[in-house]
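Based on the hints, put chain B in the right spot on chain A.
2 protein chains.
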Amino acid sequence: MADADKVIIFDTTLRDGEQSPGISLDQGEKLEIAEQLARLGVDVIEAGFPVASQGDFEAVRAIAAGVRGPVICGLSRTAHADIDRCWAAIEAAERRRIHVFIATSETHMKHKLKMTPEQVKVEAASAVAHARSYTDDVEFSPEDASRSDFAFMCEVLQIAVDAGATTLNIPDTVGFGIPEEYAERLRRVREVVRGDYLISTHCHNDLGLAVANSLAGVRAGARQIECAVNGLGERAGNAALEEVVMALRTRADFYEGLDTAIRSEELARTSRLVSRLTGYPVQYNKAVVGRNAFAHESGIHQHGVLNERTTYEIMDPAAVGQGESQIVLGKHSGRHAFAATLKKMGYDLHGDALNQVFTRFKELADRKVQLTDADLEALVAEEVGDSIRYAYQLVSVECRGGSSTTPTATVVLDADGEKLEATAEGDGMVEAACRAIKDATGIEGHLTDYTVTSVTGGVDALADVALRFETEGSAMPGRGLSTDVVEASARAFLNAINRIVRVRDTGGHADDVDRPGSLRGLIRP
Amino acid sequence: MADADKVIIFDTTLRDGEQSPGISLDQGEKLEIAEQLARLGVDVIEAGFPVASQGDFEAVRAIAAGVRGPVICGLSRTAHADIDRCWAAIEAAERRRIHVFIATSETHMKHKLKMTPEQVKVEAASAVAHARSYTDDVEFSPEDASRSDFAFMCEVLQIAVDAGATTLNIPDTVGFGIPEEYAERLRRVREVVRGDYLISTHCHNDLGLAVANSLAGVRAGARQIECAVNGLGERAGNAALEEVVMALRTRADFYEGLDTAIRSEELARTSRLVSRLTGYPVQYNKAVVGRNAFAHESGIHQHGVLNERTTYEIMDPAAVGQGESQIVLGKHSGRHAFAATLKKMGYDLHGDALNQVFTRFKELADRKVQLTDADLEALVAEEVGDSIRYAYQLVSVECRGGSSTTPTATVVLDADGEKLEATAEGDGMVEAACRAIKDATGIEGHLTDYTVTSVTGGVDALADVALRFETEGSAMPGRGLSTDVVEASARAFLNAINRIVRVRDTGGHADDVDRPGSLRGLIRP
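Chains as they are written, first to last, in my numbering: chain A, 6 to 530; chain B, 6 to 530.
It does not matter which identical chain is used: a pair holds within one copy or between any two.
Simulated pairs of lysine to aspartate or glutamate, DMTMM-like, Cα-Cα distance not exceeding 25 Å:
#1 K11 to E270
#2 K11 to E186
#3 K367 to E430
#4 K119 to E318
#5 K367 to E403
#6 K115 to D321
#7 K443 to D371
#8 K11 to E185
#9 K117 to D321
#10 K126 to D167
#11 K115 to E318
#12 K117 to E318
#13 K336 to E430
#14 K115 to D258
#15 K117 to E160
#16 K119 to D154
#17 K336 to E382
Hints were generated in silico from the structure; no laboratory data involved.
Just chain A, same shape as in the assembly:
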């Protein structure tokens, strides 16, 4: 952090990103993302908000124990019990950061905290000092900074620095900032608040300005950018990691040597992994990682008119890992070749996890002759989990339907050795298959956010289904992969139901997992 030209990339995909409606990653998925973030070269991973739920706590602990390279950070409110819990979650990491926040805007203090400004100051001092008793790396955020009274916010920031905070983050919590204004605010903080600290940006994209605000912040002296892969996060999301990184690098002339430690050739793959595990598609025209961000890379011949690439190209697609899919395995590939290929791609699977993925690979390879690296990524994403055997396994799904036949589906499930079979009708075959699964498992609920993407683009590609199942006030995501869209949908639906059953059976509350109206709805520095 001593390097004046180094901009620290603080990734909050697993914290702010995971707070997006409908995203609910389990521990295995969070670990997979954290490992990829380490490969990408982020400096700090905000792994979660440990006090929010038992699941959050355990996921942060697993990342702290397992992921090497980046600093592992946990978010915490000011209560000492919260900070203790945060520390317990990150303690096993090589390098640990506690990120303490409290709101400083009038509307938040009054309506949310129900505290006086004096109380907020006391809380901030006490919390930072307590966090500092655990670790030398303490970040402090005055929530809703861009709408806070400037003088009061600086008082609180000074208190935090005096109590030991080493990073001051100035969040534009509601995405209200404009570059000129946000940068000016940061410049004035630097002038007013004394001490040895680093300034950080955290910008939301409600007005489409998160990236611009973050970069303006860096020009004003910030040396850390909080951001998320694919710009995920509350509402319209946070600054997109891939965009801030590539803007700094592509315009090195303007930013005068400021740079990050990101290995940009991992950007496209990180984006795909996060998109798949969160079920949030990336739009085609998304900067840097969208499939059309480099139009020259489309499958259509360019007729030689774009020979001089620099005419329209300011970044090299290969520099962000946007290459063509490569065929890597076929139906005759054995277990050894399979494991070796995965390893080369950075997935280090063993034991049951490897067996599970290999079994699914053979099933798919039997039906689709060649599998590309993108197919394998999707396959691993489908099977990534916490290696718990789920309550229900899909034995088979058979369906029929058409424009003049009522769509009908029959599913056979295996529930711990017992065969469950059910047949149902629906408006379409997907609905029929989902109804049959509901009938077989006896679980009722409502399905939302159903999307299908084709892994490599064509109709002969694998279908990757992401959906969300709401039952009794809580919601669970599900994902499924198959050469057939109805089967992929049935798999995704059963996956969601299995997650619900698991949460119920392990005594957890389903609403630990997704309850935007409770604790998680309140925290978003």
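Then chain B, alone, in the frame of chain A:
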């Protein structure tokens, strides 16, 4: 345009947006979008690039003849024949603008135009004067302005003003600009170039900065923003219309009364229409129009903690038209109620077009009890076309498949009274259905960009399939809607094939429609 506080919204969805890979709108679709843009209140519609193809020419002419309200603009290179063609396309409009462009950066002049700087000056002068002989409203763009030598660019701009240009657009063609830098460039143009003209921004989003650059441009004196719905456009697209509009309005305090004439409550619907007709999904966390842009609006209970809306909300979802879907029609609704509902939604269908949509409505209503306004929007989008009867009609599709049955589909088509039937197998039922259609029609090719969205979110919602079919070097989009995903896919596939057949039969060249490597690949101010 005399109002100093008025920022003109110049929409280029139908020109730069339509140049995105895989987007190819037909005349009926372009008209539908243009009509919605008029309802939205944009000031200028850049309706296309008339010389690019016969299809482009006719679409621009139809919009000029049919759409009232906005200025209708056509893009043109500097050749007089191009300008004549442009004028012929827009002549029928109430108010007409010709937009002339020529590149001024060294790399573009050398590698693309193969012209000397002197030649470029001569071209600019002659083209603007010729355009001005047709209309008083002439816009001039020095392509790749942000990488052009400043002094030379200003010389060319001065020549354009002296020849009669009334708007000077400063395009950041490659998305290379940074707000501070881009704004400074505009400020200096204002200082250097004499005359009575208005400055316009045109920013690409390759580094995620298009919106910020446009707004910085306005602060520097620009009074026109070129932008596109959903940020569509070449590569990572243009500045998103909805974001620039809402940033100016939400931060009226900062922008000191600068405003547009946009009716913001039409933003969400415009976004949905454009997404559907182009087949480009909008990501969930997209600012303003993404489904999660207002997290509070999600279907999940908020448990009362967000009572004070301003705590986290800077825009009212209703202000951008992001409300809940309303159930508007059921299976017992008659033709009159149907037409009246469409009319209330702004769709004024008559004759064959109304009959066609009504027939499809009854088919769907028989299978799905209630249809929402979003369903109707999708239905109209599916049927919008140029009211030509296509070569093939889908009579029926029947399929079966499953985890242990080879997916099989049988389709029956009607080709001008003759029944064509074919049965095929595939890796999945969708592929089987598409193969059967290929067999029945004898048309071979390759399918790409297959996506499914559910119109209202759930699995019981209508499935809306968008895909693209490539054959002999050209590509055509197709769309289909059904309660069943396989049927929707078959409809979309047949739709693409019908378009290909139509282009062939009308003597047009398929590559008029989508040829990014030819003329269209070259023009992107």
